[in-house]
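Given chain A, put chain B in place with the hints provided.
Sequence order for the protein chains is A and B.
First residue of the first sequence? That's 1 in our numbering, and the numbers climb one at a time after it.
First residue of the second sequence? That's 1001 in our numbering, and the numbers climb one at a time after it.
Please note that a few of the clues may not be correct.
As the list claims (entries may be wrong) - To be clear about the criterion: a stretch of chain A counts as covered by chain B if any three or more of its residues have a C-beta under 8 Å from a C-beta of chain B, and this derived list gives those stretches:
#, segment
1, 52 to 60
2, 76 to 87
3, 91 to 104
4, 111 to 124
5, 156 to 169
Source of the hints: derived by calculation from the structure; they are not laboratory data.
Even glycine gets a Cβ: it sits at the ideal position worked out from N, Cα and C.
Chain by chain, the residues run as shown.
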Amino acid sequence: MQAVQIKNLSYSYSKKTPNEKLALDNIDLTIEEGSFVAIIGETGSGKSTLLQHLNGLIKPQDKKRSCVVINGMSATDKKSLRRLRFEVGMVFQYPEYQLFADTVEKDIAFGPKNMKLDPDEVSQRVKRAMSVVGLDYDEFAQRSPFDLSGGEKRRVAIAGVIAMQPKILVLDEPVAGLDPTGRSELLSLVKKLQKEISPTVILVSHNMDDVAALADRVIALKDGKIVADGTPKQVFSDRRLTKAIGLDVPTAARICDMLAERGVSLPRDIITMDELKSALLALLSKDAPLNADQPLPNIPIPNDGGAADV
Amino acid sequence: MFKDVTFGQYYPADSIVHKLDARVKLLLTLLYVVGIFFVKSYFGFMLTAVLLVAIVLVAKLPMASVLKSVRGILLLVLITALINLFMIKDGEVLVQWKIFVITKTGVHTTIKMVLRLVLLISGASLLALTTTPVELADGLESLMSPLALVKIPVRDIAMIMSIALRFIPTLFEETNKIVAAQKARGASFDSGSIFARVKALIPVLIPLFVNSFRRADELAFAMDARCYNATDKRTKMKKATFKFSDFVACLTVLSFFTLILLERYYFPKIGINIDYMIFGGLL
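Just chain A, same shape as in the assembly (with noise of 0.2 Å):
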């Protein structure tokens, strides 16, 4: 079944006046039940405009030509907007500044007060998600969301988001401004919440690396339009397709491409770092008696932006 069908979708901003911007330029996208999607894209490719075509924050403009369905509703249709915002979980980028309740309890249980859900159920629910985003019931339910920590504020509004239980799950940049510890618990926690309880995650980023290894298929947005659309292995390996539309690759594919330089041939579609590492490992293996023989040799590491990340 589709998630997610979009036609024709066009967007400006500022339309009729000397400011106007294109924002979305014809888009044609499905996406199926059950995937998980990235959508990369420049600041001001027109990501956020889509995602919030999808719970109809943002109607089309052209209401005759374009026509966005998500789960067969209409999202022009006001009678089922509504519904339409409780199956599309939508967690804006720093969603902790959108905390407002005086408890952790109640802020999570905004969402499902707002569904008409029955008191038993929205605890049940809150008691739900704050397990899934591992926030202890007995130690944050009573809690400000104010007086805690930016990654536990996060868990918070993500968990207000998911009580929802919504079916598709839009994530814009999660682990912005987290430190490394706090981004890779976030990622494990959106591939555990596609696994328990949304069952499509379209997630918004832009670190390749995180892409490459969560995403099963990957859509690059340039000026409102799609540039790429595949599986990472087939986007991020076609590197004249990246090169042209000036897409960052993963840093293992940066990897590949510098040792290729240098003459160590590896295949092309590795993209992530267990990938190179598996490969790497069994060139060593093959080539065993000639590195025993020689030293290696000494490669300078050229002093660029890229090599500085890796």
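Below, chain B alone, put in the same frame as chain A:
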């Protein structure tokens, strides 16, 4: 619901009016506003309208942008007009129905009142349309600088003003983001009773305040880190200068002002009534 709120109507265009010194524009706008209150004749209103249209053309603004600001006070204009029309009882009676009386003086006063309000707001909006908020704040600071002599902290006031102006768009953006996030959690702001609607704003206002205080803290740190107020006198990066075009602008508005005064106070003395010359018996 918040997207209709526009602040800072600045309309970017490459024109002489845009490039005028903000102080000049502020003072001339003041003069224009004062001038309008001296206008009593239809000729005077025509003159004002001609000046206004001329400025709009020179500033390369679309007429619609000026009229948009008038839309905001439409209700006020309408109420004023109705009150004037029915409350003025002197003069020749035109229509009488039960207690409602419309007199000739009433009609004239109403038309003039509407013209005055519309021209006043459109004229004042020209300032906002052609000057960025930052230029305005700088201009005000410069104009108020003599007040520093009487120990009024003009520079701090100006800094507060520019910071406030600078953060209004940020706050709007932030409000929109929070509204979007709460809507995504099923909040609805446009249904239910007034009480329910006000209550629905709590999840928007609290994060907005919390974030504003956080931002104010950060800004204070950033300003401290750059030694704000460490020296007595701060210099300006962009210094406004009085140019030839500023001189022309002053001359234009001053002659308009003079003409208005002459037409009101001097022409009647020497027996010239331009309104009568144009409209004749119509009045």
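Now the hints, each set against the structure:
1. Counting residues of the segment 52 to 60 of chain A whose C-beta lies closer than 8 Å to any C-beta of chain B gives 3; at least three are required, and the coverage claim holds.
2. Three residues within the 8 Å Cβ limit are the bar, and the segment 76 to 87 of chain A against chain B gives 3, so the coverage statement holds.
3. Figure legend: the segment 91 to 104 of chain A, annotated as covered by chain B; annotation consistent (7 residues with Cβ-Cβ distances under 8 Å, at least 3 required).
4. Here the segment 111 to 124 of chain A counts 3 residues with a CB under 8 Å from a CB of chain B, which clears the bar of 3, and the coverage holds.
5. With a threshold of 8 Å between beta carbons, the proposed coverage of the segment 156 to 169 of chain A by chain B holds, since 3 of its residues qualify and at least three are required.
Comparing the model with each earlier hint shows no violations; every hint is respected.
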